[in-house]
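Residue numbers (the working numbering), protein chains in the order written: chain A, 1 to 395; chain B, 1001 to 1529.
In short, the hints are calculated from the structure, not lab data.
Mixed in with the good hints there might be a few duds.
Straight-line distance between alpha carbons at most 20 Å, and here's what the computed SDA-like set of lysine to any residue pairs gives [to be verified]: (1) B:1487 x B:1062; (2) B:1424 x B:1441; (3) B:1136 x A:22; (4) A:21 x B:1240; (5) B:1105 x A:240; (6) B:1105 x A:251; (7) B:1105 x A:3; (8) B:1136 x A:251; (9) B:1105 x A:27; (10) A:21 x B:1487; (11) B:1240 x B:1105; (12) A:79 x A:56; (13) A:21 x B:1153; (14) B:1162 x B:1192; (15) B:1324 x B:1418; (16) B:1175 x A:22; (17) B:1136 x B:1062; (18) B:1136 x B:1105; (19) B:1415 x B:1397.
Coverage of chain A stretches by chain B, computed from C-beta distances (three or more under 8 Å per stretch; other residues unrestricted) [as the list claims (entries may be wrong)]: (20) 117-123; (21) 174-185; (22) 376-383.
By construction, the Cβ of each residue, glycine as well, lies at the ideal position given by its N, Cα and C atoms.
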Amino acid sequence: MPLQTPFHPRTSELCTSLLWKEWAGYHAVCSYDTVNDREYIAFRHAAGLIDVTPLMKYEVTGKDAPSFLARVMVRNIEKLRVGRVTYCCWCDDRGKVLDDGTITRWSEEHFRVTSNSPALQWLQRCARGFEVAIHESTDRIGVLALQGPASRTILAAAAEAEIEGLRFFRATTGMVAGKPVEITRTGYTGDLGFEVWTANENALPVYDAIMKAGKIHGIEPCGLDAMDVTRIEAGFVLHGVDYFSARTCMIESQKSTPFEIGLDWAVQLKRESFVGQAAILAEQDRGVARRLVGLELDWDDLERVFEESGLPPEVPRHAWRDPLPVYRDGRQVGQATSGAWSSILKKNLALATVNKGWSEKGTELMIETTVDFERKKMKAVVVPKPFFDPERKRT
Amino acid sequence: MGANYDAIVIGGGHNGLTCAAYLAKAGRKILVLERRHVLGGAAVTEEIYPGYHYSTCSYVVSLLRPKIIRDLDLPSHGLEIMPLEQSFQPLHDGRGLVRWSDWEKTRRELARLSPRDAEIYPEFGRTMVQMARFVKPILDMVPPDPGSLDPRGLSDLLRLGKRFQNLGPDLQAVKYRMLTMSAVDFLDGWFESDSLKAVMSVSGIIGTFLGIRSPGTAYVLLHHYMGEIDGAFRSWGLSKGGTGGISLAIASAARSYGAEIRTESPVQKVLLKNGSSEGVVLESGEEIRARVVVSGTDPRLTLLGFVGEENLDDETVSALKNFKMRGSSGKVNLALDRIPDFTCRPGVGPHLFGDIAIAPSIEYLERAYDQAKYGDFSERPYLNIVIPSLTDPTVAPPGKHVMSIFVQYAPYHIKEGPEYWPKKREAFGDAVIDTLSEYCPGIKEAILHRHVLTPWDLEQEYGLTEGNIFHGELSLDQLFFLRPSPKMARFRTPIENLWMCASGSHPGGGIMGAPGMLAARELLRTRTV
């Protein structure tokens, strides 16, 4: 049986749809309604509150914590200043991605690393020779993500903390409902948003205070389904869907490099050695074999494939994650691994990994689709990510 | 020469029956002769205490070839396998360890022992599955003769070699380690928790007279993971009605193809003429002739027993005598009034539905082996327990239970000599129950009936030479084209028209059916029958 997060008493009361799934060993709400439109709209037009406790958390402390993390991560964490957050991935020594997550520097010698899958053993394996301690805090800290244009107003009202001045990817501490919390301006929706971290025992008062402050601003409890749409709009890759940890892969071709999953910008190569550096350098010289790209499915062609069957065009009602082959000139050149209909952009979007030569902006590809039990191909064009990138996210 | 049958199969164990079923399906006239009153050999269900059905000897299904299930349509003959999902290791401190089919749950359990091991565990599993993928085809092939230039054998070997070359560099290293290391040394390379290594290492020693630190035992760990990629997913399980249910399903299939099966028909010897088999003589004196005799008994009983040393060449005799049988395990079956609490995890919960392993530490298992080395049974042995009545209520009266306890070490060659075993039987049974009581204190009061099988009993009652449950140890030097010896590895014997089809041949023991199927395939391919 999956565990309950410390917010479970509230989320279970609100989740009248009974739509749950297992997320890293915890019960997690898919959507509070049978359709997730209301939650999606809250994320983009007001604010959504989602329980992201199952995200794995590790506290890295000690004198060598900065140099240790600089060694494990593809980014130079030594340069990360106190009170700041960064996002990156980490690799095995062959330069294949193991996982991705955020790293927050709470003090000179205290960092928090988040990950999608268990990372304790890997971090410990790499820690030899460093004066660091690594402790998992997943089951001690409850986390709420408050995301959306109204999130700042709501949190400023709920929290005794410097929220107005908290810049993108910065961290601070404060109080909510008289309980100590940590606040980061981060999230997985690609919108203005915050994550609030609190000890389990304070979880319910913190939840209640945020919901109460959000009431007049249209706050909604949100589930994973709505967040999935927003993360696709934001062009964020999902571990276990768009790429797989090298730890879990049965064969080499299932593994990915940071370049292949579009995290070039997070890789800082010119510095002291880090795990995977040599392999990544070699890959840079050799050229990247495939790329994760954004695809926009051509609307006219979509109408055509439905018209052929005498049906009106349809768009997916939920984000999807069953991979679909992507073709060029009749040959498969990659696969789309997730996608969604963006109701804010009115576009049919997908994230796909395609072979070298087909990843340039504007490249026309064909993607498989099934209409009335019949497999068809329709046009899709490579477009830049993120698909949706509002100004408010950063300002 | 007036053969009444195309083939006679000696022994109605699951392999003999499988071989018979395949031959009968190919249109041959087949007779199966079973000494006992029940079919199944060691895969048998017996009602020794009224109302309680013991899987007397073998108690779980491992690796029953999915091809056999499909070829013989066993489900329509009553085969029903219920998956054995979890594995419980009671320990004196804490709540013990349960490895569940739910991975996140297992991770939380393991993290209590070692957070590091908790994360390595699935990696280990993946590596094993990868390795098993490369080894598995061996189970389904007739071993080639490496000394011959037969192009068929050579191309098989070549294909196998190529396959192994395709293992990446990491897996190559794992392969060599698995082939040479002991189970514990191999696991040391992955895990730090002593009790986890202990409970995992035992799958390397089951049925062998080796310790968990004996080289070569690592390889046998692999067999444990084979089931996961076997095309009959969740193939580790309990058979409905006990393991005899499997044998009866195969027998029913064999009969449906026209095979004749006789019980209480003990074979005395193989009928020989000019070094060739012509049939068998029963203990009743009846002579039955057949073009081929296929033995479902172990190699030693087949040749030294039914053929006789005087009819064999010296080389064969010494190969047979050097083939390691040396049984190392016994069995205790219990009829229970109720299921008492395990101290570390009280109550009847899902943790009891799988197997329960008393193997708390590496030292415990080493001490158990030490005693056996010098000719005693282990006072505190390794126990592997299942309570099949929890999953299959048909094997016990309502609310009551049967418990099956596999016990190692119980060496056949005790220091007083194997024939002394009957005098030690109850003391052995007591040691098992005392061991279990340390984890499950109420067990003694719950026992309604106790049935103890020593290696001596396994030999005398079930015909397993030296009480070896696998018809010969599953150690690397006795597998593939070395099983039971290079000259007899292809189901043939030095006696013309006398073949073997059971666990003493490739690929070995366990309720696999593979030797029976492969022998039948080879008999038909060579038009011997």
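Cross-check of the supplied hints:
no.	hint	verdict
1	B:1487 x B:1062	28 Å, violated
2	B:1424 x B:1441	24 Å, violated
3	B:1136 x A:22	33 Å, violated
4	A:21 x B:1240	33 Å, violated
5	B:1105 x A:240	19 Å, holds
6	B:1105 x A:251	26 Å, violated
7	B:1105 x A:3	9 Å, holds
8	B:1136 x A:251	18 Å, holds
9	B:1105 x A:27	12 Å, holds
10	A:21 x B:1487	58 Å, violated
11	B:1240 x B:1105	28 Å, violated
12	A:79 x A:56	23 Å, violated
13	A:21 x B:1153	52 Å, violated
14	B:1162 x B:1192	35 Å, violated
15	B:1324 x B:1418	16 Å, holds
16	B:1175 x A:22	36 Å, violated
17	B:1136 x B:1062	13 Å, holds
18	B:1136 x B:1105	29 Å, violated
19	B:1415 x B:1397	41 Å, violated
20	117-123	holds (count 5)
21	174-185	violated (count 0)
22	376-383	violated (count 0)
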